[in-house]
Structure formats: C-alpha cells, structure tokens
Amino acid sequence: MTPFQLWVSYYTMLRKDIVRMFRIWVQTFLPSVITSCLYFLIFGSVLGSRIGQMQGVDYMSFVVPGLVMLAIVTNAYSNTSFTFFQSKFFFRGIDEILVSPTPPWLLIAGFISGGIVRGVLVGTIVLLVSVFFTGLHLAIHNILIIFGFAILTALVFSLAGLVNGVYAKSIDGINLVPTFVLTPLVYLGGVFYSVHSLPQAAQYATYVNPIFYLINGFRYGFLGLADIPLWISLAVLCGMIIFLVAVNWYLIRTGLGLKQ
Numbered sequence: 000m001t002p003f004q005l006w007v008s009y010y011t012m013l014r015k016d017i018v019r020m021f022r023i024w025v026q027t028f029l030p031s032v033i034t035s036c037l038y039f040l041i042f043g044s045v046l047g048s049r050i051g052q053m054q055g056v057d058y059m060s061f062v063v064p065g066l067v068m069l070a071i072v073t074n075a076y077s078n079t080s081f082t083f084f085q086s087k088f089f090f091r092g093i094d095e096i097l098v099s100p101t102p103p104w105l106l107i108a109g110f111i112s113g114g115i116v117r118g119v120l121v122g123t124i125v126l127l128v129s130v131f132f133t134g135l136h137l138a139i140h141n142i143l144i145i146f147g148f149a150i151l152t153a154l155v156f157s158l159a160g161l162v163n164g165v166y167a168k169s170i171d172g173i174n175l176v177p178t179f180v181l182t183p184l185v186y187l188g189g190v191f192y193s194v195h196s197l198p199q200a201a202q203y204a205t206y207v208n209p210i211f212y213l214i215n216g217f218r219y220g221f222l223g224l225a226d227i228p229l230w231i232s233l234a235v236l237c238g239m240i241i242f243l244v245a246v247n248w249y250l251i252r253t254g255l256g257l258k259q
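In numbering that gives the first Met the number 0, the protein residues as written are 0 to 259.
The hints are simulated quantities; they were obtained by calculation from the structure and are not laboratory data. There are no misleading hints in this set.
Calculated lysine-lysine pairs in the DSS-like style (CA-CA distance at most 25 Å, straight line): (1) LYS87 x LYS168; (2) LYS87 x LYS15; (3) LYS168 x LYS15.
For each label pair, taking beta carbons as the anchor points, the in silico distance ranges come out as: (4) LEU233 x VAL56: 17 to 25 Å; (5) VAL56 x ARG252: 45 to 53 Å; (6) LEU127 x PRO198: 31 to 39 Å; (7) LEU197 x GLU95: 45 to 53 Å; (8) GLN26 x VAL56: 29 to 37 Å.
Ideal Cβ placement from N, Cα and C applies to all residues, glycine included.
Please take these sequences and the hints and turn them into a complete structure.
Next up, the structure:
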C-alpha cells in the first residue's frame, strides 16, 4: 500500500469510531461525568471534610488526579474492546480488513486511536467538572507529565481492550474483564489514598498493581507528590506498552480469534 492508501485506511477507521462515539454521547461521555460527580460529592465533599489532608494537600485535590485517571482507563479500554468486538461479530468488518492489504500495525493503530481519543476526552471533561468541586485552586506541577501520562495510559488500555476484543466471544466476554479485573485494580491502585497510609503487607500488594504506577505518575504531574520515583512509573508504563503492542501484533498477524 502507498502512504496515501495507508492514511486513507487509518483515517477511515478512526473517523468511523469518532463519529460513533459522538453520535451516542449519552452512552460514551455522560456516564463517566455523572459517576465522577458522585465520587467528588461522596469522597471529596463529605469524607474529604473529615479526612482533611493527604500528604499535606487538601483531600479533594488529592483524589482529582486518581478520578481523572479512572475515567481515562475505563473509557479507553471499553471503547476499543467494544468497537473491535462489534466490527468482528456484528458488521464483519474485520474479515474485510483481513483480506485487504492493510498491514497488522495499521489495523491496531486504527482501532486503538479511537480509544485514546475517547479516554483523553472523557478525562478532560472529568477534570473540568472537578473545578466545580475544588474551585480554581487545582495545582498543576508539570503539564507535560500530565499530558504524557494521560495519552500513554489511554494507549496502554486501548491496547489491552483490543486484546479483550479479539478473544471475546460474546458481550459478556467484553464486560467480564472490566468488572472483575480492571475495576478492582483501579480502586486498589491509590485513587483515594496514599500507599504510605496502608499497612506494610498492603503496601507490597499495591506495588504489584500496575495501575498504581500510572496513578502515581499522573498525580505527580498535578501535585508534585509521588509515592515512588517518577522514573519507575515511566518504566512500568513503557514496559506495558511494549508488551501489549507485541501481543496485539501477534494476534492480528496470526489471525488468532479473528478468523470465523
């Protein structure tokens, strides 16, 4: 394929996904906003006034980065997994792409880009909503780190969602991983607390959780606070990207779980 043909193929996949997510914005954007408002009200306004501060900052400001990251993770994952599953089983679009000269890396890029866009957009909306609860006093320590972790985290979970979409045989298969794996990892990844406030055994368990490192780096971008050195969070993030890219390339290249 020529560079122009590659661009047309990529643009077609991305445009189709973006048009879909804006057409059903009530399902793609609104739920995360409502859920985040409830978190801000309960954990921020109600419990936050009793907790006071966490690591020397107002508790509401402490939980905002974690809640934004929660929105990015869940939306990037669910968008890619559902979009790929829908194309594979309902529209048979994957079969058409597989018989075309589209290379595996382009198919991967086309599907995960929609997840990245949705994850970052919803994360931005949740961040804007947080202003109504924190005021205009939300700290920004390093905006480049914030953008970098937001985009790379959306990339990681778009790639993970693609793996789920490849292997899923039904809608239940799509919902299984977010419900029983992703959600517990996110909640136990330090969204609402610092790892240093946990008992020693619980701290060790948290260090095994990969999402902890993503939240840690993202919070550092806002507050300049980190439970572990930033380079460790970056190393874990890059390692996850390399591993998931390799897994997805292998699955698409060999057609595992795709050929009907």
